[in-house]
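S.K.: Residues per chain are reported as follows:
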Amino acid sequence: MSTATFRIWRGENGNGGFKDHTVEVSEGMVVLDAVHKIQATQATDLACRWNCKAGKCGSCSAEINGSPRLMCMTRLNQIPLDQPVTIEPMRTFPHRKDLVTDVSWNFDVKKKIARFKPRKADAADGTFKMGQADIDRVQEFRKCIECYLCQDVCHVLRDHGKHEEFIGPRFFVYNAALEMHPADTGDRLGALKTDHGIGYCNITKCCTNVCPEEIRITDNAIIPLKERVVDEFYDPLGWLLKKLRPGATKG
Amino acid sequence: MADYQTHTHDVLIVGAGGAGLRAAIEASAAGVSVGLVCKSLLGKAHTVMAEGGIAAALANVDDRDNWKVHFADTMRGGQYVNHGRMAELHAKEAPDRVRELETWGAVFDRTKDGGILQRNFGGHRYPRLAHVGDRTGLEMIRTLQDHGVHQGIDVHMEVTVLTLLTDGGRVVGAFGYDRERGRFRLFKAKAIVLATGGVGRAFKITSNSWEYTGDGQSLAYHAGAELKDMEFVQFHPTGMVWPPSVQGILVTEGVRGEGGVLRNKDGARFMFGDIPDNYKSQTADNEEEGWRYCQGDKNARRPPELLTRDHVARCIMREVRGGRGSPHGGVFLDISWIKEKLPNAPEHIRRKLPSMYHQFKQLADIDITREPMEVGPTTHYIMGGVSVDPDSQMSSVPGLFAAGEVAAGLHGANRLGGNSLSDLVVFGKRAGEFAAKFAKDHGSGTVNTAQVEAAARESLAPFERGAGAENPFTVQHDLQEMMQDLVGIVRREDEMVRALEGLKKLSARAATTGVPGNREYNPGWHTALDLQNLLTVSEAITLSAIERKESRGAQFRDDFPDKSAEFGKVNIVVKKAADGSMQVRRVPVAPLSDELKKVIEEQK
Ligand SMILES: Cc1cc2nc3c(=O)[nH]c(=O)nc-3n(C[C@H](O)[C@H](O)[C@H](O)COP(=O)(O)OP(=O)(O)OC[C@H]3O[C@@H](n4cnc5c(N)ncnc54)[C@H](O)[C@@H]3O)c2cc1C
Ligand code: SF4
Ligand code: SF4
Ligand code: FES
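Heads up: the protein sequence lines correspond to chains A and B, in order. With positions in the first sequence counted from 1, the corresponding number in this note's numbering is that position plus 23. With positions in the second sequence counted from 1, the corresponding number in this note's numbering is that position plus 725.
For the record, the hints were derived by calculation from the structure and aren't laboratory data. One thing to keep in mind: the hints can contain errors.
Within a straight-line C-alpha distance of at most 27 angstroms, the following computed DSS-like cross-link-like pairs (lysine-lysine) qualify [what the hints assert, rightly or not]:
1) A:Lys-152 to B:Lys-837
2) A:Lys-143 to B:Lys-837
3) A:Lys-60 to B:Lys-1086
To list a few chain A residues with every Cβ distance to chain B over 10 angstroms, as calculated [said to hold, decoys possible]:
4) Ser-49
5) Thr-109
6) Asp-121
7) Leu-201
If you anchor each label on the Cβ, the simulated ranges turn out as follows [claimed, not checked]:
8) A:Phe-130 to B:Ala-1233: 38 to 44 angstroms
9) B:Lys-1274 to A:Asp-43: 40 to 46 angstroms
10) A:Gly-89 to B:Pro-1068: 51 to 57 angstroms
Heads up, the beta-carbon is just placed ideally off N, CA and C, and yes, glycines get one too.
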């Protein structure tokens, strides 16, 4: 057994600082195991969120050595242990305690996005006829575990604090899942352009790079949505077509 | 006087997994005000982790399927101590509940003709599990959550309920605290639905999260409700065994449904060596037939790897104990072998089992498309729980309902894979409907402030004892080790009697735990408070397991290795006696209607 030092940000409501904890580490451990070990043996009041310990619930987001990651999916053998491993809370959300932040803003944002609005069912039993190829893309988006790591890293939120005007990559993915659902008839493009601020995104792809579900947020969700917004509002021909054939730009 | 915030709802739902969310949606639709509390953030409940699928006789893949076959499969899997009426309602209503999810936005994998695809799973005669790769639970909880938040439900996230408040035997509210700030909350309600999930944290090796401390079972028990079938704890045959830090994490049965096979260290498919008589007619007796089954050949019978979980888990234990296990004390589960059969096998595996691929790659450095996994049994699910009326889901305490994993009856002695997610939506809906009805038919009760004060005082005691006192994490850990050793997969009376002694000592230690710090998001404090629930359910499991002197389904008694006809007629029930002790009794299994008896005969 060897030991490693974890430099964990401790404190409440944004006041605090790093504190070093040294524990024994063994083969296969992930960062969350180390945090739990510290909690059980050295600091029972060390706060962190977790549930599944298998990358499925999106609870254990933190910044490990400066990069936004899931603690339960970060193996210790992937990071250098000869120097202290820093673990910090996500910086884009208001701090609560230690590694726990107040992510309630995300829940509020989601509520403002127009919900799934199905077309009339195709089958007598109330279901839709949809081919696998037609839903592959939507399923990619629906893999999202709401870890909010993409929100954490996006400079529009992190550096510019545009939480009022910009919904962030997670919710572009959510919008895209709805917009590209073959049975959906809702219209979210107007809101995307105005209140939801898709124009602020300048396609840096930082969000895509941190997504633990490997959702291609920028290429597959944001860029197509941007195109739809452009088609809807700035393309006179598309606008005319739509007037003549309602639903023509919907996919 | 304790300082607390008061919330008033017609119906309070405790738990925001599949069962709680579905109940909340239904109650809200019935026009009553609904509050929903959960210990984690919304969308993080255990349901999110479910992998393989949701069972419903949609007959999209095999048109021979219907509710009768599903019903009979569930009863056979549960070894006939299930509540027949619950199994009937479940089999009949699951298809509508699944279709309804699609109309709320769920996107299941598709059949070639554009319908909902279904896959094979242990104990289900036909391909029956609607699924989304191996992340079905995520699809389900997200669908319910995204639908639910527009229904006018008041959600109280990261709030733990500590106790139920009663008035003249009827439930009138709940008392708890918010985890973030540690402030007390009083919930007044005319009806309460418990949807709090399971008890897996009572054992050391488990697929369950920190939330699974048996809160709902314990809350109900202390409010006077009966708990049933608590001895039936499901040990899932395939959990990860290596490296140590991931021990217990689930490997979905979907791996076997897609053609994965179990082998011992000599490379033998040991499951072929032990097929129970009542499954012989449905089980393949050669490898070729088993593979054809997984490929959808309707004339083939299923491979023995897809026998029920209790049986597969015991066969694995036997191999390990017989010295035929894998290097780290499990056996091998191999899906990579299908490359002999399919040209694009690696891609196929990654598409069908993406999160398994990920999980092994990232956590164990194993590429499942190229090499076998090492697996062994892990504590997974509890069939027992709050005893409820099959139609309304009301417990023996008026106004107190239970649905989902916390309730008992549907699964009998062993649950079939996929039958939990369907349970959540079928009985979640029913609980919501009947709780709303109860709330409409009854006025508010009176909250007894003395009860509230006592709960508040007791919950703060760990702070008074402070940092120098017993560490709550240590007590929890010792309890888990003991339950795993003495009341685990293989049970004996003498060991379980020792466990009861051990629980007494642990209980005394739990009363001396102390924590440093303040009430703001303090995990040590939370753990100290959860101990009470763990102790209560551990005692219920142990007493019930001692009382059932036979082996049936998930309960395997080394000292009574056979099934007994006598115990096939009873369920074990525990209830809190007037003197505060736990009373155990045997009650007759709910009789089957003649129609259901006929169905079972037809499907034999
Ligand atoms: C890894 C894994 C894979 C699985 N795969 C499948 C599958 O493929 N198919 C299948 O059918 N089943 C599967 N299961 C089983 C199934 O997922 C669970 O049984 C089911 O999700 C339980 O749902 P529930 O709604 O009853 O409870 P949960 O989803 O666990 O929700 C419980 C809720 O209660 C809350 N709660 C608990 N105590 C309190 C308290 N004191 N105060 C306030 N709130 C409280 C929790 O915070 C949570 O919100 C799987 C289980 C696991 C662990
Ligand atoms: S691509 Fe857009 S949404 Fe993503 S991080 Fe960059 S600016 Fe933010
Ligand atoms: S899109 Fe990816 S990074 Fe963003 S919340 Fe979802 S899973 Fe997390
Ligand atoms: S604990 Fe669930 S994603 Fe890490």
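S.K.: So, for every hint listed, does it hold in this structure?
M.R.: Hints, one by one, checked against the model:
1. A:Lys-152 to B:Lys-837: holds, 10 angstroms
2. A:Lys-143 to B:Lys-837: This hinted pair holds, its Cα atoms lying about 21 angstroms apart.
3. A:Lys-60 to B:Lys-1086: Given that 27 angstroms is the threshold and the Cα spacing comes to 24 angstroms, the pair holds.
4. Ser-49: violated, 7 angstroms
5. Thr-109: holds, 20 angstroms
6. Asp-121: violated, 7 angstroms
7. Leu-201: With a cut-off of 10 angstroms, A:Leu-201 comes too close to chain B, as the shortest Cβ separation is near 8 angstroms.
8. A:Phe-130 to B:Ala-1233: 38 to 44 angstroms: For A:Phe-130 and B:Ala-1233 the Cβ distance comes to about 42 angstroms; the hint holds.
9. B:Lys-1274 to A:Asp-43: 40 to 46 angstroms: violated, 55 angstroms
10. A:Gly-89 to B:Pro-1068: 51 to 57 angstroms: For B:Pro-1068 against A:Gly-89, whose Cβ atoms are near 44 angstroms apart, the range 51 to 57 angstroms is violated.
The structure does not agree with the numbered hints 4, 6, 7, 9, 10 stated previously, though it agrees with the rest.
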